[in-house]
Amino acid sequence: MNPLANRRVHETLTGLGQITLLARDAFASLLRLRMAWHDVLFQMYFIGVKSQTVVLITGAFTGMVLGAQTYFQFHKIKMDTASLAVVGVSMCSELGPVLTALMVAGRVGGAMAAEIGTMRVTEQIDALRALATHPVDYLVVPRLVASHIVLPLLTVEAIVVGIGAGYLVGVYLLGIDPTYLWYNMLHFTHDVDLMIGLIKAFIFGGIIALVGCHKGMTCGLGAQGVGQATREAVVYASISILITNFFLTLVMGKLVGQL
Amino acid sequence: MIEVRHLQKSFGEQTVLDDINFRIETGESVVIIGRSGGGKSVLLKHLIGLLQPDSGEVLIDGENIVGMDERQLLRVRRKFGMVFQGAALFDSMTVAENVAFGLRRHEHLTEAEIAARVAKALDVVDLPGTEDKNPAELSGGMRKRVGLARAIIYRPQFMLYDEPTTGLDPIVSDSIDQLMMRVRDRLKVTTVVVTHDMRTARRVGQRVMMLHEKKIYASGTPEEIFASQDAVVRQFIDGVADAKENLFQTERFTRPAASSPRQP
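For the record, the sequence lines run as chains A and B.
Heads up, the first sequence is in the working numbering, so the first residue is 1 and it goes up one at a time.
Heads up, the second sequence is in the working numbering, so the first residue is 1001 and it goes up one at a time.
Hints listed in this document are in silico derivations from the structure and should not be mistaken for laboratory results.
Warning: the hint list may mix true and false statements.
Only some residues are given here: those of chain B computed to face chain A with a beta carbon under 10 Å [what the hints assert, rightly or not]: (1) I1048; (2) L1050; (3) V1076; (4) R1078; (5) Q1085; (6) G1086; (7) L1089; (8) F1090; (9) G1147; (10) A1151; (11) D1162.
Label-pair ranges, simulated between beta-carbon atoms [to be verified]: (12) E1113(B) - I239(A): 42 to 52 Å; (13) L1059(B) - F247(A): 43 to 53 Å; (14) I57(A) - D1061(B): 52 to 62 Å; (15) H10(A) - H1106(B): 32 to 42 Å.
Even for Gly, the Cβ is constructed at its ideal location relative to N, Cα and C.
Given the sequences, and given the hints that come with them, work out the whole structure.
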């Protein structure tokens, strides 16, 4: 293997190892109940409430585009009223969790890396440690817990808005019969689709927080280091979400098939 | 009591500290001087476990903190207060929240008790009434004083100061020196100050150690150090640059005689 590829593989494996150790420390801290709940609430506000615009727009336009595109294809085989069922299943199990997670990774993951990275380069993390406070307890755990809680909630919101927007486009713009459109959506969209989406969102929430915090806590010195950490947090979290989603789809699809 | 034995630290290929040995008695005030980039701050961070050495021991009250994990170190660090070079105030918090940080996390006090302790700590550092200000609104000297208030509020046994007067004007530096002496004398804390400010070294230290070429080069009372005739110590105290660093004294940078201003 050439030296550059060797170095990249080494860096990737080291990064994965460090994130695993960070997850272990965070879990251990969580069991000790050392975090402050008001910090968790603040992070839930930052991740959840401040992401409303992004999530609503993403959910609505995804539902509208998917509804319209499905109608254009299904109309050829006279299955117009099944259009919203495709929107429902897709939004619940795939597009809802993935697109919400990608948008939150861009908005929140980068902000986490930038904030913690700036604290690192200005010695604020050393100050935390000098004040006998574990950085994982104070910085990572509240963000991780908040992210785990908020991502499924945001995903549900995106799903509801997406299906609603798809319904409005189908009924008022494309002239599909509303009763059959809604009935077919309820008929073909099952609880398990929503459950798959929520499980994925829970896992994606952890990925966003862990990658963002890890990049911040290990960022290089100076403004350039913080900038690079921010960029890497968004890129790595997004890639991880897409790759993880593929494997989760396979595993959960198998499990559901066996039920 | 702080004791350092055979401490060695390298960053990559570069050795920063090599076989450092010293002992600081309880209640003693020690100033570590040395050139910028010479490893003084690195040494200070080893005393509180913010950095781990490659080899050697750091004993705090007889307990070796080298090799302790971060959670074990938290217990030891509760004995310490540290003032950072850039103050390292939490910029998302007000002055009062910064100063109260340690109290809120480690002591079970009511809000009224915390507010009273914060007001008292800010009074000690001559910053009464600044509780609601943000760190961004403060001058460099004020930030250092808030950092000091944050460090002394839970009455530590050991106080560490990393370049407390760097970047401050002489009058503000003087006020910081006086604060350090006041904290030392009132709270009877063991004090370690890292500085290259000779006035601070002379006033605050009961003992001065000079770090040079990765080792403790000289150690003694301020009077002994400042009276030293050793060439290296003398050069640092007098602030004389090496001949090779006096670029403008070399022939290359000397103006030709013809272009020199004419003497009247």
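Going through the hints against the structure:
1. I1048: Interface hint status for I1048(B): holds (6 Å vs cutoff 10 Å).
2. L1050: holds, 5 Å
3. V1076: holds, 8 Å
4. R1078: holds, 5 Å
5. Q1085: holds, 7 Å
6. G1086: holds, 6 Å
7. L1089: This hint holds: L1089(B) lies near chain A, its Cβ roughly 8 Å from the closest one there, short of 10 Å.
8. F1090: holds, 6 Å
9. G1147: holds, 8 Å
10. A1151: At 8 Å from the nearest chain A Cβ, A1151(B) passes the 10 Å test, so the hint holds.
11. D1162: Holds. Min distance 9 Å.
12. E1113(B) - I239(A): 42 to 52 Å: holds, 49 Å
13. L1059(B) - F247(A): 43 to 53 Å: holds, 50 Å
14. I57(A) - D1061(B): 52 to 62 Å: holds, 59 Å
15. H10(A) - H1106(B): 32 to 42 Å: holds, 40 Å
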